[in-house]
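Number of protein chains: 2
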Amino acid sequence: MKFLHTSDWHLGRQFHNVSLLDDQQAVLEQLISYLENNPVDALVIAGDIYDRSVPPTSAIELMNHFVEKVCGEMKLPVIIIPGNHDGAQRLGFAASQMKSSGLHIIANFDDMLTPVVINSDIGEVAFYGMPYNDPELVRHYTKQPAKDHDQAHQLLLEKIREQFKPQQKNVLLSHCFVDGAIESESERPLSIGGSDRVSHEHFVEFDYVALGHLHQPQKKGEEYIRYSGSLMKYSFSEQHQAKGMTLVELDQNGFQSATHIPLTAPHQMRIIEGELATLIEQGKTDPNSHDYILARLMDKHAILDPMEKLRKVYPNVLHLEKPGMLIGVDQQMGKARLARGELDMFKDFFLEAKQEPLNSQQEQAVSEIISKLTRQQEA
Amino acid sequence: MKFLHTSDWHLGRQFHNVSLLDDQQAVLEQLISYLENNPVDALVIAGDIYDRSVPPTSAIELMNHFVEKVCGEMKLPVIIIPGNHDGAQRLGFAASQMKSSGLHIIANFDDMLTPVVINSDIGEVAFYGMPYNDPELVRHYTKQPAKDHDQAHQLLLEKIREQFKPQQKNVLLSHCFVDGAIESESERPLSIGGSDRVSHEHFVEFDYVALGHLHQPQKKGEEYIRYSGSLMKYSFSEQHQAKGMTLVELDQNGFQSATHIPLTAPHQMRIIEGELATLIEQGKTDPNSHDYILARLMDKHAILDPMEKLRKVYPNVLHLEKPGMLIGVDQQMGKARLARGELDMFKDFFLEAKQEPLNSQQEQAVSEIISKLTRQQEA
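If you're matching them up, the sequences are chains S and P in order. With our numbering, the residue at position 236 of the first sequence is 236, and numbering never jumps. Just remember that our numbering sits 379 ahead of the position in the second sequence, which is counted from 1.
Since the hints were made in silico from the structure, they are not lab data. Some hints could be false.
Pairs of lysine-lysine, DSS-like flavour, derived with a Cα cap of 27 Å [claimed, not checked]:
| hint | chain 1 | residue 1 | chain 2 | residue 2 |
| --- | --- | --- | --- | --- |
| 1 | S | Lys147 | S | Lys219 |
| 2 | P | Lys598 | P | Lys381 |
| 3 | S | Lys69 | P | Lys538 |
| 4 | P | Lys454 | S | Lys99 |
| 5 | S | Lys309 | S | Lys347 |
| 6 | S | Lys159 | S | Lys99 |
| 7 | P | Lys478 | S | Lys99 |
| 8 | S | Lys322 | S | Lys354 |
| 9 | S | Lys69 | S | Lys2 |
| 10 | P | Lys701 | P | Lys679 |
| 11 | P | Lys478 | P | Lys454 |
| 12 | P | Lys478 | S | Lys75 |
| 13 | P | Lys701 | P | Lys688 |
| 14 | S | Lys312 | S | Lys347 |
| 15 | S | Lys284 | S | Lys300 |
| 16 | P | Lys448 | S | Lys159 |
| 17 | P | Lys701 | P | Lys726 |
| 18 | S | Lys2 | S | Lys165 |
| 19 | P | Lys448 | S | Lys99 |
| 20 | S | Lys312 | S | Lys354 |
| 21 | S | Lys75 | P | Lys454 |
| 22 | P | Lys478 | S | Lys69 |
| 23 | P | Lys454 | P | Lys381 |
Please model the entire structure based on the sequences and the hints provided.
The following block contains the structure:
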């Protein structure tokens, strides 16, 4: 019995004001293509389908197209829980009416207690989905104290375990932060101060736990308690993370294996570092020059419009950093100080703009203006 | 063969900053209760389920509850088209996955050409839904010129008629403005300058046409081309409109009858008119004092905080008009002029606040202040 585990699609996400929808569409097409060539018994998505509770129409249409293809044409059961980015009620509209078509959106506590049962070569496998909920909602539902996410999970899992049937294998979908797992920059914290951490111990009775929320693929505590990671990279700091989905195999004894299946977005997110001239030279022959780029310029002098220059070879430079221009961070002021003074900066600028250096008379004049402005600022 | 025709629910609508959701819920419960006692073969909703393309979560939950009850428990087919207030793509998410449960949301042109076929005692009845579209979208879809709503309807109806099957009766759902029909204040115009009008002639080949958009129940051109009107009143000017739904009966020959089934919101919307003291007296014994009230005060003198006074007997006064205080409207300025001068107004106010009249010294002082202010204003 095989199923695909994926999570954190964040459809409709913007990255430095660029829509990632075309990349997301391309990655979903790879996913569909994988399914066509490698039949499985189900696809599970452990939350954060959309990036916002009210997603843009274009993201809804992309998801609709995916569902049409996978549930409608390929007749593959798809099991979904909302994550902290999704709007559970919006995502869950008419969920009961979708079930018979194989689209299972588990958006509330009642649905949580009725697993999606898949009949397979190893018998029945029950998929329980725990829709993302903060402890407040769990207190309201269970009428029991739950001061943090860990206690909330414990209470909900007790209710789920009561539903276990001896002849069934049990899979759980949960969108949460398992204690000790590795964060990425593109996740939105569930709460402040560590009260969002959940112990992996709650999960050990399941045959597999399909986790969502953290964007780096990883296991936690046991081989069968896993994050698939996000559909694609959502921050430059994820440049070296392997993105994709997890192919899970169960057998008569339960968990058998988990395999990472890579997915590759057309534009990778990566950081390039060096002096502008070097980067431009390198860009001319870079086969992936269309990637989404964060450029760290190491030049120690000011440059006129470096973004425009760099975009001639790397058209999708989304952000520039100029560490070469900084000499450490002024802790007290919380501000970075410039390594070069104003006069030197202006001389750089003038040379670049006019193609000739300042003459001594001009330098004198600029110097006086800067002194005057500096005195005014300090007064 | 019987079905219920309704439209223009506008779930989530606000009226003078009051949420109408509780009233809408109560009316939907009446609708469900009617269905429980009077079985029909289908329920059709001709657009404007929600009041906005991004409805509030509470409105989505109310609609979800309704669908659960009617499609899920009662197993009654429900056929829906989006109106000009709805967001077709949002409403239509996973529509294909809902069909097998009897929930048919016809949100795009492709679905328009595949009718929902209901098998009944008179044989097959095909329900075609024309989701609301402006002419621009119809031009794009048909690749033919359509300068206005009338031509757009004509083009779409040609495509629909090509699907007609000899053994089927044909019902159409459309959200549009049929030429010559009566408007209400609470509708949002489809376009400006009359280009939204559609001829009823396009519809004559159907056995019944379930229209939405106009809020007053009415037929147009033929007995079988009808607006059910809105679920409830959505403006004070609708105070005398009968609200409800239309029970349609078809027989072997097609259309047989249409019957208005009334629905009553817990709070009616109505206008009361008279002097404040009279209205307060009348309110003390008014059995419907909780209605949503527009009060027209006919008093000719200024009154301190009339809203607060009136709300003691009519707690849901939502708006006040003071025609007694106006002597016609200054056409040139577009402003209403007050019938009483500033000094008289202040005397009214002082008497009411202090329970004693201005003495002559006070009157002199106030008069001087008013003169001074008036001179300043005119200068």
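Contradicted hints - numbers only: none
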